[in-house]
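Protein chains: 2
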Amino acid sequence: MIAAKRDRHELSDPQIDWVISAYTRGVVADEQMAALAMAILLNGMNSREISRWTNAMINSGERMNWSSITRPTADKHSTGGVGDKITLPLAPLVAACGGAVPQLSGRGLGHTGGTLDKLESIPGWRAELSNEEMLKVLQDCGAVICAAGAGLAPADKKLYALRDVTATVEAIPLIASSIMSKKIAEGTSSLVLDVKTGSGAFMSDPAQAGILARTMVELGKNAGVKTRALVTAMDVPLGLTVGNALEVRESVEVLAGGGPSDVIELTLLLAREMIELAGISGKDPESALKDGSAMDVWRKMISAQGGNPGAPLPVARENQKFLATESGRMVGMDAMKVGVAAWRLGAGRSRQGEKVQAGAGIELHAKPGEEIAAGQLLMTLHTDEPERFPRALDALAGSVTIVAGGAVNRLPLIVERIQ
Amino acid sequence: MIAAKRDRHELSDPQIDWVISAYTRGVVADEQMAALAMAILLNGMNSREISRWTNAMINSGERMNWSSITRPTADKHSTGGVGDKITLPLAPLVAACGGAVPQLSGRGLGHTGGTLDKLESIPGWRAELSNEEMLKVLQDCGAVICAAGAGLAPADKKLYALRDVTATVEAIPLIASSIMSKKIAEGTSSLVLDVKTGSGAFMSDPAQAGILARTMVELGKNAGVKTRALVTAMDVPLGLTVGNALEVRESVEVLAGGGPSDVIELTLLLAREMIELAGISGKDPESALKDGSAMDVWRKMISAQGGNPGAPLPVARENQKFLATESGRMVGMDAMKVGVAAWRLGAGRSRQGEKVQAGAGIELHAKPGEEIAAGQLLMTLHTDEPERFPRALDALAGSVTIVAGGAVNRLPLIVERIQ
Numbered sequence: 156m157i158a159a160k161r162d163r164h165e166l167s168d169p170q171i172d173w174v175i176s177a178y179t180r181g182v183v184a185d186e187q188m189a190a191l192a193m194a195i196l197l198n199g200m201n202s203r204e205i206s207r208w209t210n211a212m213i214n215s216g217e218r219m220n221w222s223s224i225t226r227p228t229a230d231k232h233s234t235g236g237v238g239d240k241i242t243l244p245l246a247p248l249v250a251a252c253g254g255a256v257p258q259l260s261g262r263g264l265g266h267t268g269g270t271l272d273k274l275e276s277i278p279g280w281r282a283e284l285s286n287e288e289m290l291k292v293l294q295d296c297g298a299v300i301c302a303a304g305a306g307l308a309p310a311d312k313k314l315y316a317l318r319d320v321t322a323t324v325e326a327i328p329l330i331a332s333s334i335m336s337k338k339i340a341e342g343t344s345s346l347v348l349d350v351k352t353g354s355g356a357f358m359s360d361p362a363q364a365g366i367l368a369r370t371m372v373e374l375g376k377n378a379g380v381k382t383r384a385l386v387t388a389m390d391v392p393l394g395l396t397v398g399n400a401l402e403v404r405e406s407v408e409v410l411a412g413g414g415p416s417d418v419i420e421l422t423l424l425l426a427r428e429m430i431e432l433a434g435i436s437g438k439d440p441e442s443a444l445k446d447g448s449a450m451d452v453w454r455k456m457i458s459a460q461g462g463n464p465g466a467p468l469p470v471a472r473e474n475q476k477f478l479a480t481e482s483g484r485m486v487g488m489d490a491m492k493v494g495v496a497a498w499r500l501g502a503g504r505s506r507q508g509e510k511v512q513a514g515a516g517i518e519l520h521a522k523p524g525e526e527i528a529a530g531q532l533l534m535t536l537h538t539d540e541p542e543r544f545p546r547a548l549d550a551l552a553g554s555v556t557i558v559a560g561g562a563v564n565r566l567p568l569i570v571e572r573i574q
Numbered sequence: 156m157i158a159a160k161r162d163r164h165e166l167s168d169p170q171i172d173w174v175i176s177a178y179t180r181g182v183v184a185d186e187q188m189a190a191l192a193m194a195i196l197l198n199g200m201n202s203r204e205i206s207r208w209t210n211a212m213i214n215s216g217e218r219m220n221w222s223s224i225t226r227p228t229a230d231k232h233s234t235g236g237v238g239d240k241i242t243l244p245l246a247p248l249v250a251a252c253g254g255a256v257p258q259l260s261g262r263g264l265g266h267t268g269g270t271l272d273k274l275e276s277i278p279g280w281r282a283e284l285s286n287e288e289m290l291k292v293l294q295d296c297g298a299v300i301c302a303a304g305a306g307l308a309p310a311d312k313k314l315y316a317l318r319d320v321t322a323t324v325e326a327i328p329l330i331a332s333s334i335m336s337k338k339i340a341e342g343t344s345s346l347v348l349d350v351k352t353g354s355g356a357f358m359s360d361p362a363q364a365g366i367l368a369r370t371m372v373e374l375g376k377n378a379g380v381k382t383r384a385l386v387t388a389m390d391v392p393l394g395l396t397v398g399n400a401l402e403v404r405e406s407v408e409v410l411a412g413g414g415p416s417d418v419i420e421l422t423l424l425l426a427r428e429m430i431e432l433a434g435i436s437g438k439d440p441e442s443a444l445k446d447g448s449a450m451d452v453w454r455k456m457i458s459a460q461g462g463n464p465g466a467p468l469p470v471a472r473e474n475q476k477f478l479a480t481e482s483g484r485m486v487g488m489d490a491m492k493v494g495v496a497a498w499r500l501g502a503g504r505s506r507q508g509e510k511v512q513a514g515a516g517i518e519l520h521a522k523p524g525e526e527i528a529a530g531q532l533l534m535t536l537h538t539d540e541p542e543r544f545p546r547a548l549d550a551l552a553g554s555v556t557i558v559a560g561g562a563v564n565r566l567p568l569i570v571e572r573i574q
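So the protein lines, in turn, are chains A and B.
Count along the first sequence from 1, add 155, and you get the number used in this note's numbering.
Count along the second sequence from 1, add 155, and you get the number used in this note's numbering.
With the rest of the complex left out, here is chain A (with noise of 0.2 Å):
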């Protein structure tokens, strides 16, 4: 098998069906898998073969059932970036909206946050529940955020360990189907994708990121999944916070009605997305934000979960301030820079299991087309350990470009609709 894909050959059903199931087993080897996802990295699979390919892997475990919830479900997946704390408001103003949320969620790694750890900052807050736990909290909210159990796709999660320390993260057919697997092993019946491009995201180019989405919608149609892509803009955060605890204040700031306009509009966009998929209608998601029953939602859910959500969040207990060093209009803020600063600062991790601090990251106090001043603050930079604040900063040279009477340069919120 490996040698067909080495030589551009097709995989047949049985081969791929195979290759998973004895890789999930130990039959075939990591060094074997590797030279595998390496030979489809170069040479690519059609989409028969993704097609397969993920199916596979679904069936590596078990599959989610919501048979017994009356309401439609509907789920969203980003593929992660800088600052993105989106499923927080969206999940809670979905289910406001007469949705089921089933939001099975990951940590983060690298430069990009994941939302288990932003919601673990909420103290009490837990993210590891039973399937019973998990049904009990969609019934009695409409929503529930948490961990994915390790019956979902075995296959995928021992694949993606391998492919991260292998350099086959970066390969279309591989994202496509590890993605999808575990959405549609999850059991949804409707599904929107929010794919981001941009410097601070996994698919910086605009058009690699485009293919990828079509792949993913092309997955979950195979599968009976009503699924949907949008391409968005991650090439300047989103909102005005990058970090765990402080992502979770600016979520409730824009559940209160309030918050930054950029994480408001893609908030709504998105719901508005999930809620027509779901089939969802004559519900006005804007109202829910002001009318405070997406709120009312958020609270019952966290503290479904152990978490109480009217206590105060983790603070850092050290901060340092960023200011500009020139006057001018910002035209530009590089989202992977200041992901890599947050991360360096401690509120990302670099190996799976490590531990993150709830309080550390940074707040950003100026956006792209803002007129400048120099000495003017920029960014307050929060983490626990002040030794982390040199490197912090290395990260952040050159993040923000401020030129006399330029043009913003930046991507738009919505790059491209897949439907």
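One should not assume that every hint holds.
[Unchecked claim] Some residues of chain A that are not near chain B, with every Cβ distance over 10 Å (derived):
| hint | residue |
| --- | --- |
| 1 | Ile366 |
| 2 | Glu420 |
| 3 | Phe544 |
[Unchecked claim] Stretch by stretch, here's where chain A covers chain B in the computed footprint (C-beta under 8 Å, at least three residues):
| hint | stretch |
| --- | --- |
| 4 | 156-166 |
| 5 | 176-187 |
| 6 | 193-204 |
None of these hints come from the bench; they were simulated from the model.
Where a beta carbon is used, it is the ideal one built from N, C-alpha and C, also for glycine.
The hints should help you fit chain B onto chain A, whose structure is shown.
Then chain B, alone, in the frame of chain A:
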């Protein structure tokens, strides 16, 4: 480094040194080296990278030192084929002409035989020698054929075992560096390469075999070893025997001044190249075959390693005839099919460490160019285990092409000569 080669960048000298050293020490995992090997196979390495890779593998272990030998050292390496027993008559022949031949050899895998497996069919003969024993046999006899010690290019041993199970054997940069790291570490001052091509060879395409040959000649010259290569025919088996003891018998016939013409011709051609490259003049290898001096070296060399050159060779317990089913001219004989049949009879192994049968193999009673009558004996199959005959006969289906009045379709013995 994996990502760099995946993205078609050059690897730097320090990167190459590090990865070979780290892999040998177990710091780089098998799955990481497998992904890198696949990226090298698909994206290539330039001549600087191949040269550095080879050096790093040499530096992973010891280098042999023959400075106490007064004769010029001359070595030969064949990439392996079906019935390729040339090392057996060649090493004593070159020694009889005044060269010192330190022939560190390997065992067979798959359809090609190994020099050590062949010699081990001689009762008492020992392949494993200490460095001191090796030097003594070379000093006393002018030639030594033995196993390469574990201290020689250990990085290559580990990497070859990995490539074997990850479909990354067929990468010219990795083949060339594997062969040349061992040959350069062996410390010979001159080297003649016999690169086989045709169906029974590792590199069936003559153009690819030529690229491999030129890559290796360049590596040898860069390392200060006088190196030449012949690309030679392996579309048809060499000689009239395939199998361990059968090939020793044929080699002894050549040393006695007889034997099949193709084996004699290739042995003499390679001997002349080795003698010339070693700077020996006024010696005629043909007369060393006729006057018995090459046979004298053979007997002395076999005895020095515990073998009894006069003892009868093992004969397989069972044999079966393979007859022509039609009349006409034999225009082709597929070396691969004959090699696979001999392997299935027990002459070869499927896995490193497996035992082989000394007496198993195939005697050929006709070769391409001969007129054949239906019912004529074409081959005799030998094995200790008669249950092996059916699968060996399956492999021989279509191995011989007999047509009425057709032209012989085979490669010239010497396809290309690279100086």
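Hint by hint, here is what the structure shows:
1. Ile366: Nearest chain B Cβ is 17 Å from Ile366 (chain A), so the label holds.
2. Glu420: 35 Å, holds
3. Phe544: Phe544 (chain A) is indeed farther than 10 Å from all Cβ atoms of chain B, at 29 Å.
4. 156-166: Three-residue rule met by the stretch 156-166 of chain B, so holds; n is 3.
5. 176-187: Answer holds; 4 residues pass the 8 Å Cβ test.
6. 193-204: Three-residue rule met by the stretch 193-204 of chain B, so holds; n is 5.
Hint check: no violations occur; every hint is consistent with the structure.
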